[in-house]
Amino acid sequence: MNTYCPEGWRISTPENKAALQSPASLQAACSEGKIIEGRALVCDSAHNLIVDLGCMKGIIPREEGALGIREGAVRDIAIISRVNRPVCFLITGFGQTEAGAPLAYLSRREAQEQCRKEYIEKLSPGDVIDARITHLESFGAFADIGCGVVALLPIDAISISRIDHPRERFTTGMDIRVLIRSMEGNRITLSHKELLGTWEENVERFKPGETVAGIVRSVEPYGIFVELAPNLAGLAEPKEGVIPGQQASVYIKSILPGRMKVKLVIIDTFQYEYCPTLPEYRFEGSHMDRFVYSPPECGKEIVTNFTTAN
Numbered sequence: 007m008n009t010y011c012p013e014g015w016r017i018s019t020p021e022n023k024a025a026l027q028s029p030a031s032l033q034a035a036c037s038e039g040k041i042i043e044g045r046a047l048v049c050d051s052a053h054n055l056i057v058d059l060g061c062m063k064g065i066i067p068r069e070e071g072a073l074g075i076r077e078g079a080v081r082d083i084a085i086i087s088r089v090n091r092p093v094c095f096l097i098t099g100f101g102q103t104e105a106g107a108p109l110a111y112l113s114r115r116e117a118q119e120q121c122r123k124e125y126i127e128k129l130s131p132g133d134v135i136d137a138r139i140t141h142l143e144s145f146g147a148f149a150d151i152g153c154g155v156v157a158l159l160p161i162d163a164i165s166i167s168r169i170d171h172p173r174e175r176f177t178t179g180m181d182i183r184v185l186i187r188s189m190e191g192n193r194i195t196l197s198h199k200e201l202l203g204t205w206e207e208n209v210e211r212f213k214p215g216e217t218v219a220g221i222v223r224s225v226e227p228y229g230i231f232v233e234l235a236p237n238l239a240g241l242a243e244p245k246e247g248v249i250p251g252q253q254a255s256v257y258i259k260s261i262l263p264g265r266m267k268v269k270l271v272i273i274d275t276f277q278y279e280y281c282p283t284l285p286e287y288r289f290e291g292s293h294m295d296r297f298v299y300s301p302p303e304c305g306k307e308i309v310t311n312f313t314t315a316n
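Residue numbers (my numbering): 7 to 316.
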């Protein structure tokens, strides 16, 4: 497991459990500068996080709660939202509560600084990494790429097939794979669609004459676009009463690689509640320089060049 994995990945590991076993093991983790995790129990009125360390409580002072809090660049919601969730930290010292109980002083900010310096700053566009979805907005998904450091995955980079909202693909807490699309200082932008396969890789699952499931994505005067897979859509003939977002049963009329077209006929449609499942990845490597979505025989080339990404 990556030392700088997303928050929540290490909390149940044997190594992390061993570190929380006793005051002596916590002292050892402190001396070794080891990043560990515990569950945040309370965010007090001063926005300090109280963390369960098993054998004692720990406190993450507000300014140690996240990168940017001290400078005012990050809002306190970054701390408050961690309540009842795992948080990573370095142990910076020990003391006692007012009642005389043992207390550990923790810093999530220092863990994030170490993650940024030792891991994130060494990444480059095209690198494939693990991430965990933290929250969803209409314009994209935010994902933890290590120790609670969050990057943006824009909605247009989630899949080739267009969606109205990231909740159609992801749920909060879902573990996914992402590519580094660009790095501008501390601002990191991610991509995802290139990991879901080319047009050829997706269309090979389908054959003319089959009737398959799909999702209506848009209704145009000249036809209806139906998603067959996150990276594959086909065009169906116009039909009355069809609206975007419906589930559809579609007959595959023809597949035309030279035009990168899948011609469909809608058999039936019905309302559909999105229940996102884990993505099916076609790329298993750790780095991608160039992604060509379009088939070789198609005159139109659709390419992502990560080596020239800004």
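Treat the hints as calculated values from the structure; they're not laboratory data. Check the hints yourself; a few may be wrong.
Derived pair list, reagent style DSSO-like, types lysine-lysine, alpha-carbon separation capped at 30 Å [to be verified]:
{"id": "1", "residue 1": "K245", "residue 2": "K306"}
{"id": "2", "residue 1": "K306", "residue 2": "K259"}
{"id": "3", "residue 1": "K123", "residue 2": "K40"}
{"id": "4", "residue 1": "K267", "residue 2": "K213"}
{"id": "5", "residue 1": "K269", "residue 2": "K259"}
{"id": "6", "residue 1": "K199", "residue 2": "K306"}
Ranges between beta-carbon positions, derived for each pair [stated by the list, open to error]:
{"id": "7", "residue 1": "S300", "residue 2": "K123", "range": "36 to 44 Å"}
{"id": "8", "residue 1": "E38", "residue 2": "D181", "range": "25 to 33 Å"}
{"id": "9", "residue 1": "E38", "residue 2": "G101", "range": "13 to 21 Å"}
{"id": "10", "residue 1": "I86", "residue 2": "K306", "range": "41 to 49 Å"}
Since we're looking at a predicted model, the values are computed, not measured. Heads up, the beta-carbon is just placed ideally off N, CA and C, and yes, glycines get one too.
Checked hints:
1. With a C-alpha separation of about 28 Å, the suggested pairing of K245 with K306 holds against the 30 Å cut-off.
2. With a CA separation close to 22 Å, the supplied pair K306 and K259 stays within the 30 Å bound.
3. For a cut-off of 30 Å, the pair hint linking K123 to K40 stands: about 15 Å separates their Cα positions.
4. As the CA atoms of K267 and K213 are separated by approximately 13 Å, the hinted pair is consistent with the 30 Å bound.
5. Among the hinted pairs, K269 with K259 is consistent with the structure: their alpha-carbon atoms are about 5 Å apart, no more than 30 Å.
6. Of the pairs offered as hints, the one joining K199 and K306 holds, with about 18 Å between alpha carbons and a cut-off of 30 Å not exceeded.
7. At about 39 Å, the beta-carbon gap between S300 and K123 stays in the expected band of 36 to 44 Å.
8. Restraint check, E38 to D181: a C-beta distance of roughly 27 Å satisfies the suggested window 25 to 33 Å.
9. As the Cβ distance of E38 to G101 is approximately 20 Å, the hint placing it in 13 to 21 Å holds.
10. At roughly 48 Å, the beta carbons of I86 and K306 sit within the given window of 41 to 49 Å.
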